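Starting from the known structure of chain E, fit chain Y onto it as the hints suggest.
Line order of the protein sequences matches chains E and Y. Residue 1 is where the first sequence starts when you use full-length UniProt numbering, and the numbers rise one by one after that. Residue 1 is where the second sequence starts when you use full-length UniProt numbering, and the numbers rise one by one after that.
For the record, the hints were derived by calculation from the structure and aren't laboratory data. Wrong hints could be hidden among the right ones.
Note: identical chains are not told apart, hence a pair may lie in one copy or across any two.
[To be verified] Taking lysine to aspartate or glutamate pairs in the EDC-like style, the calculated list, with each CA pair at most 20 Å apart, reads:
no.	residue 1	residue 2
1	Lys165	Glu243
2	Lys272	Asp156
3	Lys347	Glu243
4	Lys293	Glu135
Since we're looking at a predicted model, the values are computed, not measured.
The lines below spell out each chain.
Protein chains: 2
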Amino acid sequence: RSRPTCPRCAPRLPPPPPAAAARRHRSLSCTSAGEETVAFCPRGGLAVFPHLTWSVCRVINAEKSEFNEDQAACCQISVRRREPGLEEDEEWLILCSTQFLTGHYWALFDGHGGPDAAIIASNYLHYCIKQKLEEIVGGITEAQPPMHLSGRCVCDSDPQFVEEKHIHAADLVVGALENAFQECDEVIGQEMEATNQTGGCTALAALYFQGKLYVANAGDSRAILVLKDNIVPMSNEFTPESERQRIQHLAFLFPKLLDGEFTRFEFPRRLKGDDVGHKVLYRDYFMEGWGYKTVEKADLKYPLVHGHGKQARLLGTLAVSRGLGDHQLKVIDTNIGVKPFLSCIPKVNVFDFALHDIKEDDVLIMATDGLWDVLCNDEVAHVVRSFLAENRTDPQRFSELAKCLVCRARGKKRGHRWMLDDSHEASYDDISVFVIPLYKREED
Amino acid sequence: RSRPTCPRCAPRLPPPPPAAAARRHRSLSCTSAGEETVAFCPRGGLAVFPHLTWSVCRVINAEKSEFNEDQAACCQISVRRREPGLEEDEEWLILCSTQFLTGHYWALFDGHGGPDAAIIASNYLHYCIKQKLEEIVGGITEAQPPMHLSGRCVCDSDPQFVEEKHIHAADLVVGALENAFQECDEVIGQEMEATNQTGGCTALAALYFQGKLYVANAGDSRAILVLKDNIVPMSNEFTPESERQRIQHLAFLFPKLLDGEFTRFEFPRRLKGDDVGHKVLYRDYFMEGWGYKTVEKADLKYPLVHGHGKQARLLGTLAVSRGLGDHQLKVIDTNIGVKPFLSCIPKVNVFDFALHDIKEDDVLIMATDGLWDVLCNDEVAHVVRSFLAENRTDPQRFSELAKCLVCRARGKKRGHRWMLDDSHEASYDDISVFVIPLYKREED
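Only chain E is shown next, with the shape it has when bound in the complex (with noise of 0.2 Å):
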């Protein structure tokens, strides 16, 4: 795939990486079914980093879908004062630099309707993370952001005004990730406009940056971190059930957007004829509780979110209520569009390990929800400790560890069913794993 270009927004890009650079950080996992690069994992891909030393870093992918929709991507990101006017320099990923603040980038894409909107968030996200960091670099590097990016003042007490609303470098690396979130989103509707291209995905990053770890999510993967004593949540994740009242509220307020197709109000199950006259379930968007309510003929139509756990749909035709691109997606047979009902905008979660002592065997996990629909925390946090504690001399050991978690998810074989240990039925999703090294973080 050539790199995605994009008329408007190409020259507030930073130029292309070199070819180097490209192949480094281009999608890992953009096999697809026949490409076996890891014989023991069918359709499955595996890509080591050996360039980031602090951290060894695997993607897997067990697809067992004809096309692999996951996509990765991992760099370091070095982020540095651009003077106004002055030219780009072309080697913009500059690597083990001293003179710049460095960030550690990793992100999964989880796409849907084809992956060639992962395939461009994969390749994007971090530039415009880059971008939006080195535009705030100046905010940054001081103990407190200033009032005015220049950092003169314009009003003697601006230092006490931002104090008084506690704002904190690290409030700038979160609107920076907010803010680049949305910035791809532009790039992937325009860039899929001109290719005519459709499809979306989620996006889950995470930033190690000056101490800290951000992650931000839109969409339904998930990282957590494993430590010594206890399982962090570093994510959320947004579904048409999780955002049921921000999605049920935007059609309250413009009605429009269901076009008379849909109804607004969840019931427990899809209403029928029968049902009409009666007083059933239902909930309307400012509702955390339930009522009951008349049904009218109105209420057959199809809800707007309907069904539940991994079966929920919004508008019929998403599983989930944020992620990047669906600009194009419409519900099948109508002219409904699903993107206003759609955010771009991640949640970000904030880690400063300045607060916690980091033990050798403590790691982030981060997984599309192949892993996590059959998985949950605890059953991971106990692979993880129990792997790792047993493989103490092993250098592989988180790569393996990676590896272990994909298997243990995509199950095992039996007839034409994939079974997980415990005889339930295995993840048919795509799974996607990386396994984080949290500990000498900082050494080379």
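What follows is chain Y alone, placed relative to chain E:
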């Protein structure tokens, strides 16, 4: 004051309570400057509820303003199955009946722009709650709420759908409270329009019902459980600061609501002409973090949400973002309505007594912001625990504790100022406190 009437709602509301009940249930704190009902507490009021045997509760107002805008209500709510077509029983509040489900209700209303909305709310919210509970009583008397209120299944697997959605009787009570607040807000709007009154109020309501405590909050009052070993917050405050993103998002969706007079963006301080062209700290609706924005002339307008802490204001006008009333409220000297940005929907928190071992001194504390402005949860809990431990045999100890808390927040007069013991300024706001003992709550 005569009972408010509302042409549209009156037929749906229960008939007025008989005189005795009305007296019992009328607002407790309609004292104004000069009416000193409690000697120790100038311009304050004290009310006792001898008919409520399982809990002694007190409301004390220690206002320093000319008119007390805090209002309170407290009653039993008896919920019975209504047979359609049957004539309304005039004696709609049936106390101590075993034939009906009985709830206990306490509420605080902190008025602004006058006490009118708070008075109507204190007279009406319990009607609305009773009504909404009676509408769903067929659902809450079952172990699991039926899909159809009639209990007759249209679809054999209805119970399975209800179970899948994890719908319990408590969710119906939460839904009833959410709907009751909305109904009460409508009543207030109609009543105040009809009588040419203005103003609004916060609403904090607690309902003890079927072994659970429900706390519904819209505004900046607060309820906490002070238990032997811990403090359980039962509410969150809704202010322009805590709801900034919701408010900014609405202005983003409907810019006309700002009528060109306000800027949607948040800045640490109001911008000045000197800031134009500079990059300053800002947040938009989608940001939890901060970024830098190049200031344009339009950014010099007054901010939609502005100020910090107690000084934070919505449209420069209101200090709360949820509550009842304010239907006619306009930003001074403009035609900009405040109501579109306000929400009347409470957040409801549930505490299940079956899951906790309640001790003798465990209490629910409900109070308006006059208390919480000067005492934090830990300070209140400390006062509660030490006071109750020192006064174990006093039968009036819970009401004495309410007085004690109010006096602590009111401080002592030193010259022209009211000061706390620690020489900080005392609360200048109205102060209302409920102390509700939780032990032996089912006993006569």
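Results of checking the hints against the structure:
When the C-alpha separation of Lys165 and Glu243 is checked against a cutoff of 20 Å, the pair qualifies only between copies, where the shortest distance is 15 Å, while the shortest distance within a copy is 28 Å. For the homomeric pair Lys272 and Asp156, the shortest alpha-carbon distance between copies (13 Å) is at most 20 Å, but the shortest distance inside one copy (67 Å) is not. Taking identical chains as interchangeable, the C-alpha atoms of Lys347 and Glu243 lie at most 20 Å apart whether they share a chain (13 Å) or sit on different chains (16 Å). For the identical chains of this complex, Lys293 and Glu135 are inter-copy neighbours only, at 10 Å across copies versus 51 Å inside a copy, given an alpha-carbon limit of 20 Å.
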